[in-house]
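Residue numbers (our numbering): 1 to 336.
In short, the hints are calculated from the structure, not lab data.
Heads up, the beta-carbon is just placed ideally off N, CA and C, and yes, glycines get one too.
Check each hint, because a few of them may be wrong.
[As the list claims (entries may be wrong)] Simulated pairs of lysine-lysine, PhoX-like, Cα-Cα distance not exceeding 25 Å: (1) Lys166 <-> Lys48; (2) Lys67 <-> Lys139; (3) Lys48 <-> Lys65; (4) Lys65 <-> Lys139; (5) Lys202 <-> Lys81; (6) Lys48 <-> Lys79; (7) Lys202 <-> Lys259; (8) Lys166 <-> Lys202; (9) Lys81 <-> Lys65; (10) Lys173 <-> Lys266; (11) Lys220 <-> Lys202; (12) Lys139 <-> Lys71; (13) Lys220 <-> Lys65; (14) Lys329 <-> Lys275; (15) Lys173 <-> Lys65; (16) Lys325 <-> Lys48; (17) Lys266 <-> Lys325; (18) Lys275 <-> Lys325; (19) Lys139 <-> Lys173; (20) Lys202 <-> Lys173.
[Unchecked claim] The calculated label-pair distances, taken between Cβ atoms and stated as ranges, are: (21) Gly34 <-> Asn264: 38 to 46 Å; (22) Ser36 <-> Gln301: 26 to 34 Å; (23) Gly34 <-> Arg105: 33 to 41 Å; (24) Thr140 <-> Gly47: 41 to 49 Å.
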Amino acid sequence: MSESRKQDHIELTFKSQTSESQNYGLVYEPMLTGISETPDISVNIAGKRLEAPLWVSSMTGGTEKAKFINKNLALAAGKAKIGMGLGSCRSLLDSNDRLEDFNVRQFIGDSPLFANLGIAQVEELIEQNQVFKIQEMLKTVEADGLIVHVNPLQEYMQPEGDRYSKSPLETIKRLIDTLNAPIIVKEVGQGMGPSSLLELCKLPLAAVEFAAFGGTNFTKIEQARHDAFKSGKKTLLLDFTANGHGASEMVGWVNSILKKEEVNCKTFIISGGIKSMVHGHSLRERLNADSAIGMASVYLQKALVDQNAVDELISEQIEALRLAKMLLKRSPFEND
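Working from the sequences, and respecting the hints, build out all of it.
As structure tokens, this is what we get:
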């Protein structure tokens with residue numbers, strides 16, 4: 001066995017080179033801990049304890065495959081005791097015809113489960129004095145709270161996109177005053193600038209989700225759906241898909257914001273462009289607040305196969321996060 005291992009080492013040496021940029025700014029500390037298999041990586045998010053700092057970011061609902069996908073995701077999230085956001089629950093506001101797409105509390109158990117609506121729908125319901133519909137929808141799907149996605153660029157590029165007249169911040173403030181449930185606010189792939197983050201952090205939100213630039217970009221998805229873009233009639237708006245803020249940039253801004261006295265929200269879901277668990281761990285190490293790593297497309301790919309595929313992915317992610325916690329530390333010279 002030893003001779004075989006040594007031969008492997010020789011043969012694989014030239015295929016196993018690394019570059020300095022792969023460490024994401026973490027410090028490798030091999031002298032400070034033993035190699036335990038189960039370090040505690042749990043975290044409090046939105047009033048509940050996650051056994052691992054992972055969050056299944058909002059994806060789908062109202063389609064033929066949504067029931068299959070959401071069931072697989074919920075079963076896996078419940079088994080691992082991590083959090084999950086549902087896709088847009090707009091279809092449930094006036095009808096339960098698509099309820100089975102979202103009816104996953106029985107599968108996820110006591111793990112955090114948040115419903116999801118767009119800011120345009122929230123504004124409309126507030127203007128019509130129908131916030132009670134949101135409350136009823138949350139009760140129907142047995143959700144712990146509501147995710148509000150703020151997506152102005154996506155809506156603008158979407159062929160059937162909605163418009164809203166008030167600032168999302170004003171609408172969210174009014175929702176906080178009228179809805180009896182925890183609220184998470186997120187973007188959908190462009191991230192947010194420092195002023196938006198500051199104003200959100202002043203509010204008593206359960207969490208802010210980055211949905212940063214660098215991952216799935218719904219503005220780009222809508223342009224790909226739009227005939228005017230596909231035919232080449234609209235070209236000057238294409239550049240908007242390249243505008244946004246990455247998770248690393250947002251972590252730096254949030255750390256500065258957290259030093260201010262008026263901050264009320266100190267919990268974050270770091271999502272958008274997370275390349276690996278080491279990458280996600282590095283962002284969490286830098287962020288001076290409770291946080292989880294949110295991902296969408298990687299879970300979606302596995303959920304389209306079966307629950308076991310999602311289970312295996314999450315298990316490997318947890319293993320990587322435990323190893324990272326043991327050996328990869330934030331630099332003592334970090335400025336954030």
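Each hint tested on the structure:
1. The suggested pairing of Lys166 with Lys48 is violated, with an alpha-carbon distance near 32 Å, which exceeds 25 Å.
2. In summary, the hint linking Lys67 to Lys139 is supported, as the alpha carbons are separated by about 19 Å, within the 25 Å threshold.
3. Distance restraint check for Lys48 and Lys65: the Cα-Cα separation of roughly 29 Å exceeds the 25 Å cut-off, and the hinted pair is therefore not satisfied.
4. In summary, the hint linking Lys65 to Lys139 is supported, as the alpha carbons are separated by about 23 Å, within the 25 Å threshold.
5. Using a Cα cut-off of 25 Å, the hinted pair Lys202 and Lys81 is violated, with the two alpha carbons roughly 29 Å apart.
6. Our distance criterion of 25 Å between C-alpha atoms is met by Lys48 and Lys79, whose separation comes to about 15 Å.
7. About 12 Å separates the Cα atoms of Lys202 and Lys259, which keeps this hinted pair within 25 Å; it holds.
8. Under the criterion of a C-alpha separation no larger than 25 Å, the hint pairing Lys166 with Lys202 is consistent with the structure, at around 19 Å.
9. With a C-alpha separation of about 24 Å, the suggested pair Lys81 and Lys65 falls inside the 25 Å cut-off, and the hint holds.
10. In summary, the hint linking Lys173 to Lys266 is supported, as the alpha carbons are separated by about 17 Å, within the 25 Å threshold.
11. About 30 Å separates the Cα atoms of Lys220 and Lys202, which puts this hinted pair outside 25 Å; it is violated.
12. Distance restraint check for Lys139 and Lys71: the Cα-Cα separation of roughly 18 Å lies within the 25 Å cut-off, and the hinted pair is therefore satisfied.
13. Of the supplied pair hints, the one linking Lys220 and Lys65 holds, its CA atoms being roughly 22 Å apart against a limit of 25 Å.
14. For the hint pairing Lys329 with Lys275, the CA-to-CA distance comes to about 18 Å; that is within 25 Å, so the pair holds.
15. Between Lys173 and Lys65 the alpha-carbon distance is near 34 Å, which puts this suggested pair outside the 25 Å criterion.
16. Taken as a hint, the Lys325 and Lys48 pair is honoured in the structure, with Cα atoms around 21 Å apart against an allowance of 25 Å.
17. Between Lys266 and Lys325 the CA atoms are separated by roughly 21 Å; this keeps the pair inside 25 Å, and the hint holds.
18. With a C-alpha separation of about 17 Å, the suggested pair Lys275 and Lys325 falls inside the 25 Å cut-off, and the hint holds.
19. A hinted pair counts as satisfied when its Cα atoms are at most 25 Å apart, and Lys139 with Lys173 qualifies at roughly 22 Å.
20. Restraint check for Lys202 and Lys173: satisfied, since their Cα atoms lie roughly 10 Å apart, inside the 25 Å limit.
21. Taken as a hint, the range 38 to 46 Å holds for the pair Gly34 and Asn264, whose Cβ atoms sit roughly 39 Å apart.
22. Taken as a hint, the range 26 to 34 Å holds for the pair Ser36 and Gln301, whose Cβ atoms sit roughly 31 Å apart.
23. Roughly 39 Å separates the CB atoms of Gly34 and Arg105, a value that falls within the hinted 33 to 41 Å.
24. With their beta carbons about 20 Å apart, Thr140 and Gly47 fall outside the hinted range of 41 to 49 Å.
Of the hints listed earlier, those the structure fails to meet are numbers 1, 3, 5, 11, 15 and 24, in rising order.
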